[in-house]
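K.L.:
Just so you know, the protein sequences line up as chains A and B, in that order.
This note's numbering numbers the first residue of the first sequence as 1 and each following residue consecutively.
This note's numbering numbers the first residue of the second sequence as 1 and each following residue consecutively.
By construction, these hints were calculated from the structure, which means they are not laboratory data.
Accuracy of the hints is not assured; some may be wrong.
[What the hints assert, rightly or not] Partial list, derived from the structure: chain A residues whose beta carbon lies under 8 Å from chain B:
| no. | residue |
| --- | --- |
| 1 | 53 |
| 2 | 103 |
| 3 | 107 |
| 4 | 116 |
| 5 | 126 |
| 6 | 167 |
| 7 | 172 |
| 8 | 189 |
Quick reminder that beta carbons are idealized off the backbone N, C-alpha and C, glycines included.
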Amino acid sequence: MESTHQPADAGGSRSVSDQCSELVLYVNGKPHTLTLDHRATVLDVLREDLGLTGAKKGCDHGQCGACTVLVDGRRANSCLLLAVAQDGRRITTVEGLAEGERLHPLQEAFLERDALQCGYCTPGQICSAVGVLAEAADGFPSHVTPPGTGSGAPVELTDDEIRERMSGNLCRCGAYPRIVEAVGDVSARAGAASWTSGGPAGQGVAS
Amino acid sequence: MSPDPFPLGPHPHPLGAPLVRREGREKVTGTARYAAEHTPPGCAYGWPVPATVARGRITAVETDEALALPGVCAVLTHENAPRLAATDDPTLSVLQEDRVPHRGWYVALAVADSLEAARAAAEAVRVTYETGEHDVGLSADHPRLYEPETANGGYPGTRERGDFEGAFAAAPVTVDATYTVPPLHNHPMEPHASTARWTDGHLTVHDSSQGSTRVCEDLAALFKLDKDEVTVVSEHVGGGFGSKGTPRPQAVLAAMAARHIGRPVKVSLPRREMPAVVGHRAPTVQRVRLGARDDGVITALSHEIATHTSTVKEFVEQAAVPARIMYTSPNSRTVHRVVPLDVPSPSWMRAPGEAPGMYALESAVDELAVLLDIDPVELRMRNEPDTEPDSDRPFSSRHLVDCLREGAERFGWLPRDPRPAVRRQGDLLLGTGVAAATYPVLIVGSDAEAHADADGSYRIRVNATDIGTGARTVLVQIAAAALNVPEDRIRIEIGSSDLPPAFLAGGSAGTGSWGWVVHKACTQLVARLREHHGPLPAEGLTVAADTRKETAEQSPYSRHSFGATFAEVQVDTATGEVRVRRMLGVYAAGRILNSRTARSQFIGGMTMGLGMALMEGSGLDPAFGDFAECDLASYHVPACADVPLIEAYWLDEEDPHLNPMGSKGIGEIGIVGTAAAIGNAVRHATGVRLRDLPLTPDKVLRHL
Ligand code: FES
Ligand code: FES
Numbered sequence: 001m002e003s004t005h006q007p008a009d010a011g012g013s014r015s016v017s018d019q020c021s022e023l024v025l026y027v028n029g030k031p032h033t034l035t036l037d038h039r040a041t042v043l044d045v046l047r048e049d050l051g052l053t054g055a056k057k058g059c060d061h062g063q064c065g066a067c068t069v070l071v072d073g074r075r076a077n078s079c080l081l082l083a084v085a086q087d088g089r090r091i092t093t094v095e096g097l098a099e100g101e102r103l104h105p106l107q108e109a110f111l112e113r114d115a116l117q118c119g120y121c122t123p124g125q126i127c128s129a130v131g132v133l134a135e136a137a138d139g140f141p142s143h144v145t146p147p148g149t150g151s152g153a154p155v156e157l158t159d160d161e162i163r164e165r166m167s168g169n170l171c172r173c174g175a176y177p178r179i180v181e182a183v184g185d186v187s188a189r190a191g192a193a194s195w196t197s198g199g200p201a202g203q204g205v206a207s
Numbered sequence: 001m002s003p004d005p006f007p008l009g010p011h012p013h014p015l016g017a018p019l020v021r022r023e024g025r026e027k028v029t030g031t032a033r034y035a036a037e038h039t040p041p042g043c044a045y046g047w048p049v050p051a052t053v054a055r056g057r058i059t060a061v062e063t064d065e066a067l068a069l070p071g072v073c074a075v076l077t078h079e080n081a082p083r084l085a086a087t088d089d090p091t092l093s094v095l096q097e098d099r100v101p102h103r104g105w106y107v108a109l110a111v112a113d114s115l116e117a118a119r120a121a122a123e124a125v126r127v128t129y130e131t132g133e134h135d136v137g138l139s140a141d142h143p144r145l146y147e148p149e150t151a152n153g154g155y156p157g158t159r160e161r162g163d164f165e166g167a168f169a170a171a172p173v174t175v176d177a178t179y180t181v182p183p184l185h186n187h188p189m190e191p192h193a194s195t196a197r198w199t200d201g202h203l204t205v206h207d208s209s210q211g212s213t214r215v216c217e218d219l220a221a222l223f224k225l226d227k228d229e230v231t232v233v234s235e236h237v238g239g240g241f242g243s244k245g246t247p248r249p250q251a252v253l254a255a256m257a258a259r260h261i262g263r264p265v266k267v268s269l270p271r272r273e274m275p276a277v278v279g280h281r282a283p284t285v286q287r288v289r290l291g292a293r294d295d296g297v298i299t300a301l302s303h304e305i306a307t308h309t310s311t312v313k314e315f316v317e318q319a320a321v322p323a324r325i326m327y328t329s330p331n332s333r334t335v336h337r338v339v340p341l342d343v344p345s346p347s348w349m350r351a352p353g354e355a356p357g358m359y360a361l362e363s364a365v366d367e368l369a370v371l372l373d374i375d376p377v378e379l380r381m382r383n384e385p386d387t388e389p390d391s392d393r394p395f396s397s398r399h400l401v402d403c404l405r406e407g408a409e410r411f412g413w414l415p416r417d418p419r420p421a422v423r424r425q426g427d428l429l430l431g432t433g434v435a436a437a438t439y440p441v442l443i444v445g446s447d448a449e450a451h452a453d454a455d456g457s458y459r460i461r462v463n464a465t466d467i468g469t470g471a472r473t474v475l476v477q478i479a480a481a482a483l484n485v486p487e488d489r490i491r492i493e494i495g496s497s498d499l500p501p502a503f504l505a506g507g508s509a510g511t512g513s514w515g516w517v518v519h520k521a522c523t524q525l526v527a528r529l530r531e532h533h534g535p536l537p538a539e540g541l542t543v544a545a546d547t548r549k550e551t552a553e554q555s556p557y558s559r560h561s562f563g564a565t566f567a568e569v570q571v572d573t574a575t576g577e578v579r580v581r582r583m584l585g586v587y588a589a590g591r592i593l594n595s596r597t598a599r600s601q602f603i604g605g606m607t608m609g610l611g612m613a614l615m616e617g618s619g620l621d622p623a624f625g626d627f628a629e630c631d632l633a634s635y636h637v638p639a640c641a642d643v644p645l646i647e648a649y650w651l652d653e654e655d656p657h658l659n660p661m662g663s664k665g666i667g668e669i670g671i672v673g674t675a676a677a678i679g680n681a682v683r684h685a686t687g688v689r690l691r692d693l694p695l696t697p698d699k700v701l702r703h704l
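Can you build the whole structure from these sequences, using the hints too?
P.N.:
Right, here's the structure in full:
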């Protein structure tokens, strides 16, 4: 179902003027046909044009991770993505993770562990964690993955793995120990659950 | 205060319970809206233009090119911006005159229909300057250093007791060491932002602030309005750590621009520009001299600070103040000296005074312990004063020794071989360190309302601010305990200047100040309800209270939190990299009102202390006169992988001399002592005493 709206020719935004092009973004499962300034980033489009302010702007320079969203199921700093280059992409923001009233397990875990204080980094942390679970399940190694781990085999998310993989998301309130616990809880519980396997995590949950 | 301020409190008492944050769900689902996330219809965007010279005057501003760009509404400069009334905070006098007091000072604001257009317009503004010689270099012998009357917090700049010089000269054991702390940046994750709109003469601002009452008052004064013509909302705030304590320039710029173009305007500060305009922790050069007897008892203590301020206003980091209360010191001299330089204006950063001051003092105490070959925990216990050394007032409660004892036990401090550089694991050297922490109790009078509804629910209204502390949650716990009703029957409104005015979230004073007045309003409401017979009127019953009188009374006690931080580090002899392996803090901070959110705050403070010890540091570029490390790529704050096991514990401390809850405030003490504990552990690991923060690999490696 997730690909039925997708244009056959992804990446084919249409120039409307010197400054603007028309393109389609699939945000949290919904297609949006937008005419956008070529300078606009995905982050600013989400926040200013679509009213989805869950993705936060912490630095606008790819230095903090507050703007993390999932693009075709993989995490990305949306402040570094020019929207015009993302035609046809499926973008999941923190607003797209819960199913109605039912929170995503990571959202539950962040609440349960008090893995937040001011909450400004939190949407980015949660989207990033969704990405981490998928990357580990898909066998992406990290800097701390022991060499010799089978290529492509799922990586076990130890605390060190979580710390390393979550280090692109700064938290000035210092919620890190709690964030590691929250991600660890979900990773442990999800070992057997289906939602980390079978396709990019976080995708399709609200589509 | 009645003997039991919570006579109705049910069991188990809601005070201290680990309630989940009331706004947690909004925060994890992304629906909590911060200041820049309000976009009224027709909203335009402002993008500031910072000065590119360190000192001078604007001779011309060319805006034609910027104004010709598509979507640009206006460029505000000192020539056309609305005139503001005089203010006692000159950092808010933006676009009023041609003077440039430091690099990064705002000289214009471009306003456009979109963020992209506003940014392009800001870049197209051409400003020319007449420049003067600038001086941004602090040194302990700077010729223009002077002794200020008072330091931040209103503390006397200089205090002397006994005869320091004589006692120091006579002491058999002495330490004389100088420590430096560089400029530090608060860098809350939410950049300072404001969305302003004018409706029929009424100014409404969504502002990222630690206290919207003060922002409302200042904006009213600047724009010559009555306070009731201004509403400032700070519903959710993405951290502040002092840098949002009072209004910052973006609030004034947004309000000015909105008035100028007749549309709502949003201004969100670019991360790189924040260090120059939102305040920073001023650098300190700190000389500590300790004279002691052979048994370790301190007979002479001197702490002398040199620091900078800007030419815009005087702000003196009160780093010598904690030395006035920490240890037995019959002969003492504590002095601040400050020099106004062509630098951005310093301001509060988490535990101003205590954080840098206790780094130096607690490092010096460790040096004394090494000299005397006395365990540093034991040495501190031997210097425990009976009363506050500076004032001779009794402590309302002081459990530093208990924190040290319990921390040592939990951490596994003993047995500890004091010899340095003997614990090796491959390339790594290991060591442990300890330091004490302290932070004063501040309480400021505030207003609140408690309301009982006819349907049996309650509502509390108070202009508290939640910057990540969990203020809503803990205030409801206090109200629930005072009213003796379940928390879920209580609603709370905070974060708007239209609510009863209250102190800001700063100085670790929020919960104590707001909680006291909430308690008072609820207690009076209970009394009113007791007198009331029959069903409540349809509009319910409302009680308003304020605590100005109670809080104005000078306490006969010296009131402080205390704590002890323990750290274990590893130092890589091949790279010079220091990593913390584990850290543990024990605090005595009165009654802890919510164990879940309190733990997060303590750990958060310790984490910022870890950053101060190992990676955070900014420098003023002598040629350009600005901070060289101004964004998050160059100014390193701790990341997840830098922060291993951190544990925070507290004592059940009862102190009847504080407020009805018996709480002391916990937002800042976690950072205090942490940098010294880590530095002391580095010395234990390597045998090298480094006295200039942060302890980055380049500094460490050359000594290994
Ligand atoms: S806002 Fe994108 S990484 Fe900071
Ligand atoms: S919760 Fe405040 S920055 Fe992470």
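K.L.:
Take the hints in turn and mark each one as holding or not.
P.N.:
Status of the hints after comparison with the structure:
1. 53: 4 Å, holds
2. 103: 7 Å, holds
3. 107: Holds: closest Cβ of chain B sits about 4 Å from residue 107(A), inside 8 Å.
4. 116: 6 Å, holds
5. 126: 6 Å, holds
6. 167: 4 Å, holds
7. 172: Status holds, d = 5 Å.
8. 189: 17 Å, violated
In the structure shown, a violation is registered for the earlier hint numbered 8 alone.
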